[in-house]
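**Q** Sequence:
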Amino acid sequence: MLGLLYFAGFTSIFFVLAVYFQRGLGYSALQAGLALTPFAVGSAVASALGGRIVHRMGRRLVIIGLAAALLGLLATDLLLATHPGEAAGLVTALPLLIAGIGSGLVISPNQTVTLSEIDAAHGGTAAGVQQTGQRIGSAVGTAAASGLFFGTLMTSGFDAAISDGLIVSVGFVTVALVVALAEVVLARRTVSAAEPDI
22 MLGLLYFAGF
32 TSIFFVLAVY
42 FQRGLGYSAL
52 QAGLALTPFA
62 VGSAVASALG
72 GRIVHRMGRR
82 LVIIGLAAAL
92 LGLLATDLLL
102 ATHPGEAAGL
112 VTALPLLIAG
122 IGSGLVISPN
132 QTVTLSEIDA
142 AHGGTAAGVQ
152 QTGQRIGSAV
162 GTAAASGLFF
172 GTLMTSGFDA
182 AISDGLIVSV
192 GFVTVALVVA
202 LAEVVLARRT
212 VSAAEPDI
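For the numbering used here, add 21 to where a residue sits in the sequence shown, where the first one is 1.
A few of these clues could be false.
Said to hold, decoys possible - Distance windows between CB atoms, simulated:
| no. | residue 1 | residue 2 | range |
| --- | --- | --- | --- |
| 1 | L202 | G72 | 18 to 26 Å |
| 2 | E107 | A160 | 28 to 36 Å |
| 3 | A61 | A208 | 29 to 37 Å |
| 4 | G144 | T211 | 17 to 25 Å |
| 5 | G149 | L202 | 24 to 32 Å |
| 6 | G47 | L92 | 23 to 31 Å |
| 7 | A108 | R73 | 34 to 42 Å |
| 8 | D180 | G149 | 35 to 43 Å |
| 9 | G72 | M22 | 19 to 27 Å |
It should be emphasised that the hints constitute simulated quantities derived from the structure, not laboratory data.
Beta carbons: idealized from backbone N, C-alpha and C, even for Gly.
Let the hints inform the model, and build the full structure from the sequences given.
**A** Structure follows, in structure tokens:
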């Protein structure tokens, strides 16, 4: 569930931001790609780090990543609301980098933690279910964000449209964070209940 929700949130931002940069601001495809590069760089670096420390931190690392991704997306939305015009790519570089770092601490660590809790005999099935959930999330998130983006664009222009499109991403990532927090709380309660009274 966490993977489905997170993929619904983070994959949709690339579509709506690419359309906003190119159609709304007149960026070339190359410029739009470069504007989104900080997210990719942050994600790549954090993924390498996350793979090394996930076994020590477990689900807490995923929660930290979700919080960082959420912070970066909210900051991106708030900065675009200031109408930076053609400077939008530069203005959003830092928050997209933060969101990318968060993303790198979510995707691979979440897969590692989730699959470590599955019996090895069912590992293949569990990995397949996880991948399917991620693909469903990507499709649902992109459809929801783009639908709201283009719906708003018809009546209110690109600035309002990008805000609405990003809010969809923020919403999905927020729910993913709630799911991760709930999983940690439930796991602690289960451990506490299983401990014998002294």
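**Q** Indicate, hint by hint, whether the structure satisfies it.
**A** Tested hints:
no., hint, result
1, L202 <-> G72: 18 to 26 Å, "23 Å, holds"
2, E107 <-> A160: 28 to 36 Å, "32 Å, holds"
3, A61 <-> A208: 29 to 37 Å, "32 Å, holds"
4, G144 <-> T211: 17 to 25 Å, "22 Å, holds"
5, G149 <-> L202: 24 to 32 Å, "26 Å, holds"
6, G47 <-> L92: 23 to 31 Å, "29 Å, holds"
7, A108 <-> R73: 34 to 42 Å, "36 Å, holds"
8, D180 <-> G149: 35 to 43 Å, "41 Å, holds"
9, G72 <-> M22: 19 to 27 Å, "22 Å, holds"
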